[in-house]
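So the sequence lines, in the order shown, correspond to chains A and B.
Per the numbering used here: the first sequence = residues 1 to 420.
Per the numbering used here: the second sequence = residues 1 to 186.
Bear in mind the hints are in silico, worked out from the structure with no lab data behind them.
No residue lacks a Cβ here, since even glycine has one placed at the ideal position from N, Cα and C.
Hints are supplied without guarantee of correctness; some may be wrong.
Straight line, CA to CA, 20 angstroms or less: simulated DMTMM-like cross-link-like pairs of lysine to aspartate or glutamate [what the hints assert, rightly or not]: (1) A:K233 - B:D169; (2) A:K269 - A:D310; (3) A:K188 - B:E61; (4) B:K51 - A:D104; (5) A:K345 - B:E152; (6) B:K89 - B:E71; (7) B:K59 - A:D220; (8) B:K51 - A:D384; (9) A:K36 - A:D71; (10) A:K36 - A:D115; (11) A:K345 - A:D310; (12) B:K51 - A:D130; (13) B:K63 - A:E171; (14) B:K160 - A:E106; (15) A:K233 - B:D139; (16) B:K138 - B:E71; (17) B:K160 - B:D139; (18) B:K97 - B:E152; (19) A:K332 - A:D200; (20) B:K160 - B:D82; (21) A:K345 - A:D384; (22) B:K63 - A:D220; (23) B:K138 - B:D82; (24) B:K68 - A:E215; (25) B:K160 - A:D388; (26) B:K160 - A:D62.
Here are some, though not all, of the chain B residues that point toward chain A, as calculated from beta-carbon distances under 7 angstroms [what the hints assert, rightly or not]: (27) K51; (28) I52; (29) K59; (30) S62; (31) I75; (32) D77; (33) T122; (34) E124; (35) L129; (36) K138; (37) D139; (38) S155; (39) E159.
What follows is each chain in one-letter form.
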Amino acid sequence: MTRPGLIAQALFTVFVLLVSRAGAKIYIDVTSPAFKKLPIAIAEFSGQSGREISDIIRDDLDFSGLFQPLDRSAFIEGPSQPFQVRNWSVLGAEIVVKGIVTGDKEKTTIVSLYDVMEGQEIFRKAYQTDASLTRPLAHTIANDIYRQITGQPGIFRSRIAYVTRYGSHDELTIADWDGQRAYRPGVKGTVLLSPRWTRDASRLVYSSERNRQWEIYLLDFRKRSERVLFSAKGTNLAGDFLPDGDQFLLSSSTGGTPDIYKYRISESKLTRLTSSRSVDVSPAASPDGSLIAFVSDRQGSPQIFIMGTDGYDIRRLTFSGSYNTSPSWSPKGDRIVFSGRQGGKNQIFTISPDSSHLTQLTDRGNNEDPSFSPDGRFIVFTSDRDGDRAVYVMRANGEAQKRITPKGVRAFGPRWSPNY
Amino acid sequence: MRRFLVLAVILGMIGSGCAQRKVVTPSEAPQEATEQKAAKEAQEAKKGPEKITEQKMEKVESKEVATKVEEVSGIFDDIHFDYDKYDIKENAKAVLKSVADHLIKSASEKILVEGHCDERGTSEYNLGLGDRRAKATKDYLISLGVPANRIETISYGKEKPLCNEHTEDCWAKNRRAHFVVMKGKK
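Produce the complete structure using the sequences and hints provided.
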């Protein structure tokens, strides 16, 4: 192609980009530090399960902290009436969500999104589902609305893996992000700990003590199988996967004292990364796989350190307090969330990888095992603030802390799945 | 040269357009937007409704392997540790001596040392700490003449507490090494 031809093509590409971007209006910029919550009217959907679906959408969007769902009892316009700007502008609504559900076993749901200021529909989509998947349906709609308004993917269909403790054994449990639809795939152990997702959410590794032996197991959702991935004398605990999905980090005392290793599954190859006389545990991989945060008491008290994936360039991350453990990275790699002792109790903190921006997020009970949601906007953690250990979620700034596991259930060690 | 200028101007426009759009945009180019919307809708309609599905997961029962050894607990007292420490205390040495004597006498038996912690730490670090407590105990038994292959260790961290109250008394009881005698089944 000639040079003028190239330039013409470049110009055309630019023009197309320009036009297509003009259509996508961003109502909420999630990267902006200051924003006003968007007043949104989520009308009760007509038809079977209509109320349930619209309630789930409302709860999802409300928890995000970006929306202000308006009180439904004040709505003037009925579900079957056509959208009229004046019915919503008087309520202060900027966005209106309406939906119609038809059918009962096989449901079709049509959702419309209206911009009140512009007085027009900005999004319309049909969904088909069977009655057993009402909650995933509602979470999918919430994701679509979230994307329309913010330009970002929502996390409302992601799930949380955690451990439920019964009298004599532990069991792996997987629930929706809001704690609903908890199910147990049948994975048990005398003690079960630290489930970690692969980045495509198709597999989980976890550590389990069975018959007096700590082993690391792999649960493959596609193959519907569990197998031992790593077994050695000593305490073997699973850490994060590296981005390639073939290597994961672990801690093991097979070499004498707990040290950090990486393990390549395809070659069954174990590589030692630390060798100290101290306790080195809880390796957490940065999102790009270049750094590992881990816990070590090599300087006296448990603190978080960062090193390269080859085990070199070790530096200390945490300096405040005498007990800092359970590190986990934000998806962007700009924050590490961890549990730190403060006034005799463990609290959740975030910190930048350069040790700046230390921020305390919790202040009730003991809180541990924090990890970020795939969009980095939320954190899941364990807390004993209401008695037994239970799983909680909150926004990444500490707002809106709520328990998602039922009362009377002992639950801990949560990990947020990637989006899928 | 002029062409480059045009390109630069257009790129400049895009740049400023993006910057504006970061916050709420005023409605702009209504005609284009409408046309584009119509096109998008037509496309959506052709696609048909999105099917909401979910991967079904069959149960995977964890296999339980029957243990081959008989375990006897309670022959020896637990030994205790200071908070966040794993060194053997003076008052633990008498118990360790009796454990060592027993093992040297009964050559067919092994001992399992369980390392435990109080509830105040976090799960994974406590498993590391419990591991060190079990290992310190094992090392001391070796120093008393017990062959290393007769001593197994395991850490339970804070996951199997003996005492469930949130008091210093209780925590002190939970910071322990527990001894289980293992006899080979005939």
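Note to self: Tell me the hint numbers this structure goes against, listed in increasing order.
What the structure shows: 1, 5, 6, 8, 11, 14, 17, 26, 31, 32, 36 and 37
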